[in-house]
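> So the sequences go chain by chain: G and S. Residues 1 to 267 (the numbering used here) make up the first sequence, in order. Residues 1 to 337 (the numbering used here) make up the second sequence, in order.
No wet-lab data here; the hints were simulated from the structure. From the three backbone atoms N, C-alpha and C, an ideal C-beta is built for every residue, glycine too. Among these hints, one or two may not hold up.
[What the hints assert, rightly or not] Derived contacts from chain G toward chain S, CB cut-off under 10 Å, selection only: (1) Phe13; (2) Thr23; (3) Thr94; (4) Ile95; (5) Leu99; (6) Met100.
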Amino acid sequence: MTLGALLAPYLAFAGKAFSREATYRMEVFTNVGSLIVRLYLMKTVWTALYAQNAAPTDVPLHAILTYTAIALLMSLVLEIDGTRAIRDHVREGTIATDLMKPISLPLYFFSDGLGQTLLHATLIVPALAVSLLLVHIDLPAPPVLAAFALSFALGYLVNFLLNFLMNCVAFWTLETFAIQLMVRWASDLLSGQIIPLIFFPGLFQTALLALPFAAIYSTPLLIYLGDIPPSGYAAAFALQAGWLLAFAALAVVVWRAAQRRVVVQGG
Amino acid sequence: MPPIIETRDLRKVFRSLKRRPGMGGALQTLFSRDYEDKVAVEGVTMALEPGELVGYIGPNGAGKSTTIKMLTGILVPTSGEVRVNGIVPYAQRRRNARTIGVVFGQRSQLYWDLPLIESFELLRAIYGVSAERYRANLASFTELLDMESFLRTPVRQLSLGQRMRGDFAAAMLHDPKVVFLDEPTIGLDVVAKEAIREFIARVNRERGTTFILTTHDLADVERLCRRIVLIDKGTLVYDGEIEALRDRYGNFRTLVVQLSEDAPEVAVEGAELESREGDIVRLRFDRRTISAEVLIRRVAEHYRVHDLSIEEPELESIIRRIYLEGYHDAPAPEEGR
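Next comes chain S alone, as it looks inside the complex (with noise of 0.2 Å):
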């Protein structure tokens, strides 16, 4: 099958007028023809299979939303070619609209004055959604969601978590091929997240949509995506399976030492002092290089010691690392794997 969502080096730039600083500056400006080139994307070249849900990460300013941008159809890109169900969107801007579906977790698509069901059947309309195919995902979205109980409340009267779950219906009503996620768990507590996540699941598992998901919650990409593509200063940093991620930091390991009198500086041969705060310090260790028992037994012999714990890296102290250190100075895969 030919992928879905295909990019070749996809290049933005943005070119502004330059600013000047000060009253006078501002005066120049005025006048002024001088631009200033900021490149947003430099070179992102991927492809997606249809139905897979990718996380697509980076910190903020990397280009995310850039990228999301072009492939929706309302950026076009500098140079490169960008394609999403075959459709080149910015050339196709409303071609590309029928096939594709957006949810923002910070802005809504949602009619603020009316009753939820209105803006569904708003969006019926805008899609030329058959009643029989409307019948069907409504009922269906209205009890995976639980929507039952506020379809007919104006939205601004809605919680953040109803309304998120109202802002997925909408975005999925017309059977969207492609949907892409921009922060849509922010602000909502547990629960609300697991819900949301539960959902995007479930419909990427029944119905075979594929979702991009941007977000900076990476216990969301943890909880459902099985690929990341990591981006920072507009450059494709990684694109690969999380598992693979783990196996090549997962040899690295932190001991978490409470210490029980004040040390003024802590430093054990054989581990990486990570972070400090009051008496609580963070060893990183690679455990090719050290075990635990003599790192341990190191601390011990310097230090009085309240309390100690380990952990092991998270997905996120990955990503950190890679943004620090950038991935390919990152260490080698164990032998043998």
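Just chain G, same shape as in the assembly (with noise of 0.2 Å):
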């Protein structure tokens, strides 16, 4: 069989999702006006945190607020779940007519949350520029954003793993919800979606960027600031990288004992 063919099935699922997230109009629009509201609130706080110098002076007003709108857009596209169908099939057992398909599940639920994550790209567009009606927001040279982009990419790979392993959960206990809280949390946190890392103190700062969630977010948003310059790239893509192949590791082994599951359960 051909390439094409091999792969034919999986674009045609990302094609769908892409097309079936489009029929949720009012959702989208309420994505892009939940980004503007939060990036207003965020303005002010950090606004009113500067004006009492009640922040490091190290990372001027404009590099915080550029953060956190990039922050922002960045999560248009990172919160979305696309594996969370894995845990829907399994509550409601059409797992097993999934099974009775010739493909590749998690490669299915890899490319339907493509697809969605490609339509809710689309949003970065309109919100970009409502953005900058409220933000003044910094544009690093050419070679900075490609290193961003490279990191970001990585880093949505690290978040795709992560939440594929969280609704393979469902395979054991049918629900997710307690144990997908949790790791929100700790991500919005402990990823630096909201306060930067750097703004953590010593040791703490040097274990949370450590940490996967950093991955996500983090190492994506200092590259783009500035805080890693072109020397620490190696090392910064090689974190990330070593966190994909850690979590792609365990993806394999919690799939094969999640499809032994079905197999010996039955559905």
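Could you use the hints to bring the two separately framed chains together as a complex?
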């Protein structure tokens, strides 16, 4: 079979997920609306903190506002959990019908998630336009932007695998709400999505930067701001790729066990 | 021709953690390593020829869907052999999936949010159906199932009958050799049921597709199948032609009597009380031991009768008897047949 024929189903899954998401227009617009509100609130808080001199002085206000805006734009795609279909299909029992198709299910969920992501990625343009009315966003040099894009892509994959692993818990518990809530809280705080990790003190900061959550938001954002200089790119990418590989290996093990569980327990 | 589906001593045992009652029990269960074995399928041996349309019948929990899951490759048998199209399904799940189709009455494989036609296009990509074959099949199924008017409607807006027709087309687009049908007419009205049955019969006849039909609606089976496989408590009870069953049980009749007075207890020599609902009494008799005329006279002697009729056994009552009494205890076929 040719590569094209092998990939055809997965391209189709991504395409269908894209058009499916597009049918939920209201949700799509709400996402942009909520982003703008969050950006406005964050701007108010940071401006007030800086006016009181309560923030670290080595990061200027315009940099922190840029950080906040870019983090929110990134969340448009990173908050899409394409693999929640795993949990739904396990709960509804349709995972059995999925297994009756000649496809790889992890790849199916990945392409479906990618399609959803791509639709939400189109929102970045209007969201960016409105954001620029609220805050000034610094634009780094093209090589830095390229490094940011690569780091963002690695973070996207780490985020995908993290979601995949959490949703696979459903194979054992049917329910994943509690664990997802916990991981979401942890990652909101520890990934640097809201507060830059470089604001945390000493040893704590070092630990947080090494965690997988940092690979999702913090690393690309710090590259964007220039807090990770070009000389630090290799190490930053290596750490992200390390987490990516570790999660991928774990995902393979978990998926095998999950499949065996379906096969033993019967869907 | 070799059988298209073959199982030998197929067995499936589910092992689950033993649960204890109560709160303390729940806590114990958490740390316990006590397992409980439940046999779902116990030594099923059967063979299907290509092009057969077989009814796979059994009460709830008899092991029907466990068998189907083993044939589709999503369950591994505890022991025994299984082959579909010469492929061992659980060993080659994806390869097996290319040659089979499935229709579940209770769950759809269509994309809920998208127009019906888009689900078909997706399935085309999944199975790698050539453009030519896809066009031909789509045209043929659209006509046979009368789908033209709702091809572009999102699946969530379809009626159950329309959705089922869509599901049938979806399962057939890649020309599967074997199709598993699980309660395909459940919840449908009579017209929709007949349309689906006609479609199955036609595809079976014209394309030689093999069908395994699992259902509780025996009218489906009577209309479509010559052969049935009966399973109960995981064991094969009967495998053969429906006609043979009818011949075997064909001597039984039911006399339905409507009484015009209130009789506290009804007993008639030579017949067996099958059921009683109010003033309607059902008496079963064997026409080799007692004639209808004699029985009616006996009933009329003892009770005041308002109305009566004689029913021939339906497949449903035959099968109910087999579940209750077992096949081997059944009366022998009439002499000379």
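> Against which earlier hints does the structure fall short, listed by number upward?
none
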